[in-house]
Amino acid sequence: ETGVTQSPTHLIKTRGQQVTLRCSSQSGHNTVSWYQQALGQGPQFIFQYYREEENGRGNFPPRFSGLQFPNYSSELNVNALELDDSALYLCASSLKTGGLSGNTIYFGEGSWLTVV
Amino acid sequence: AQSVTQPDIHITVSEGASLELRCNYSYGATPYLFWYVQSPGQGLQLLLKYFSGDTLVQGIKGFEAEFKRSQSSFNLRKPSVHWSDAAEYFCAVGAGSSSASKIIFGSGTRLSIRP
Chain A
877 ETGVTQSPTH
887 LIKTRGQQVT
897 LRCSSQSGHN
907 TVSWYQQALG
917 QGPQFIFQYY
927 REEENGRGNF
937 PPRFSGLQFP
947 NYSSELNVNA
957 LELDDSALYL
967 CASSLKTGGL
977 SGNTIYFGEG
987 SWLTVV
Chain B
2 AQSVTQPDIH
12 ITVSEGASLE
22 LRCNYSYGAT
32 PYLFWYVQSP
42 GQGLQLLLKY
52 FSGDTLVQGI
62 KGFEAEFKRS
72 QSSFNLRKPS
82 VHWSDAAEYF
92 CAVGAGSSSA
102 SKIIFGSGTR
112 LSIRP
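Here the protein sequences line up with chains A and B, keeping their order. Just so we're on the same page, this note's numbering is the position in the first sequence counted from 1, plus 876. Just so we're on the same page, this note's numbering is the position in the second sequence counted from 1, plus 1.
Looking at chain B on its own, in the form it has when it is part of the complex:
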């Protein structure tokens, strides 16, 4: 069965420091992978997505993610975080046939920023 694991429930980093959020997936075929961000009380905003091609994907707000098939990972990175990056981050995998596509989310990583 398809699944997504985000091993870090909560991460705190200092403003200006680099960030890496971990994500591992389980999916039998070529995965469609996503990272979403959710600010408190808000909906989900797509940061970036991977379907095929270059394994290093650039997203909005200075985020990037690297797809590593051998490790079944899709880690999210940012070289220098800003206080406004504090939020909940969800890794997700697209699943299902083309006629009933759904997204399976991980349980999320809460990011706090230390001034």
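Next comes chain A alone, as it looks inside the complex:
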């Protein structure tokens, strides 16, 4: 148990639709990151939120967006879904005290998205 919970666990969407995935961080963690893991590949960094602001972004188009709330929970929104968006989406929470040194990053079990 990492204390990071994600919902929903599985969902199916149609190409062109929009989806919202949710993440509840571990208690006390103020930083959340989102990763996309396509089948047979390693996770890829989408973006990170710290104190409700985007704080770093990977190579993903603007139709991938997010929010972080005052309680540090987070949402990942994907607009205009494409077939290639089918993947496991992982949320990771951590406590930002100056970077990765000394921090432990905890991952949730992910949300499986299938786009048909």
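Think of the hints as simulated: they come from the structure by calculation, not from any bench. There could be a bad hint or two in this list.
Unchecked claim - Label-pair ranges, simulated between beta-carbon atoms: (1) A:Thr890 - B:Glu21: 24 to 32 Å; (2) B:Ile10 - A:Asn947: 22 to 30 Å; (3) B:Ser19 - A:Ala956: 47 to 55 Å; (4) B:Gly54 - A:Ala956: 44 to 52 Å; (5) B:Gly54 - A:His886: 21 to 29 Å; (6) B:Ser73 - A:Gln894: 27 to 35 Å; (7) B:Pro116 - A:Thr980: 29 to 37 Å.
Claimed, not checked - So, partial list: chain A residues that the calculated Cβ filter (under 7 Å) puts toward chain B: (8) Gln917; (9) Gly918; (10) Phe936; (11) Glu985.
Positions of the beta carbon are idealized from the N, C-alpha and C atoms, including for glycine.
For chain A, the structure is supplied; the task is to place chain B on it using the hints.
Same frame as chain A, but now just chain B:
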């Protein structure tokens, strides 16, 4: 650019045998290195991490890894594998400034255990 290479896509070992999973990284500064394990349909679990100090790092479930700067490697080892170790293993490097830290993952090595 930072990157992680796991040259073995799939490895099969017999239960009780020793294991070594290879990992090479590319990173300009002192790397933060991780090994994660992922069971089918599950999220990622941290096995161990290296930030500084002793280059031989002990982790959970009997795993260890050795950081070799000269070889840009961070190989994962276990002296005797158990059937429950069958899973996907990811090597990763921490990247970015302290204000936007992210983890870059390798493509993973799938470990199968032969009875």
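key: Violated hints, by number in ascending order, as checked against the structure   = Failing hints, ascending: 1, 2, 5, 6 and 10.
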